[in-house]
Amino acid sequence: MKNFFLQFFTWWNGQTLGTRLWTWRTGTKVGEDEMGNIYYEGGKDVDGYTRRWVIYAGEAEGSAVGSGWHGWLHHRVDTPPSEEDYKPHAWQKEHQPNLTGTAGAYRPKGSMLNPEPRPEVSGDYDAWTPGN
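In the UniProt record's numbering, the protein residues as written are 1 to 132.
Everything labelled a hint here was simulated from the structure, so no lab data went into it.
Check the hints yourself; a few may be wrong.
Below are the DSS-like pairs computed for lysine-lysine, each with C-alpha atoms no more than 30 Å apart in a straight line [unchecked claim]:
id, residue 1, residue 2
1, 109, 44
2, 29, 109
3, 29, 44
4, 93, 109
Generate coordinates for the entire structure from the input sequences, incorporating the hints supplied.
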């Protein structure tokens, strides 16, 4: 019963009731990634493209989509990573969740939340003043 109410009243916990019905009616499962997200396609959008969507394994977090699946979701590639032997490039980093608002968030020197002092200015910058 709890899952029903979560799906009915929230959008950030996996899928909503509307998404569940849409997936049941028109969706075809394409694959699943290592984080447990499930990818679907089905139907056409207004531009004639096949609709593609993801059902998140947990909280709906856009950064939880891997780079291979991101390309497929946005129609950059036609073949989903589940149908090919997708290997990330050497320059691609492993997935890291969005840390904004957590203790692991980036806080530069001089930030109110970082006690380290701000680095001194080098003096190579001249501020603009009207009339100069």
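Here is how each hint holds up against the structure:
1. 109 - 44: violated, 49 Å
2. 29 - 109: violated, 46 Å
3. 29 - 44: The given pair, whose Cα atoms are some 16 Å apart, holds under the 30 Å limit.
4. 93 - 109: holds, 24 Å
Going through the hint list in order, the structure does not satisfy hints 1, 2.
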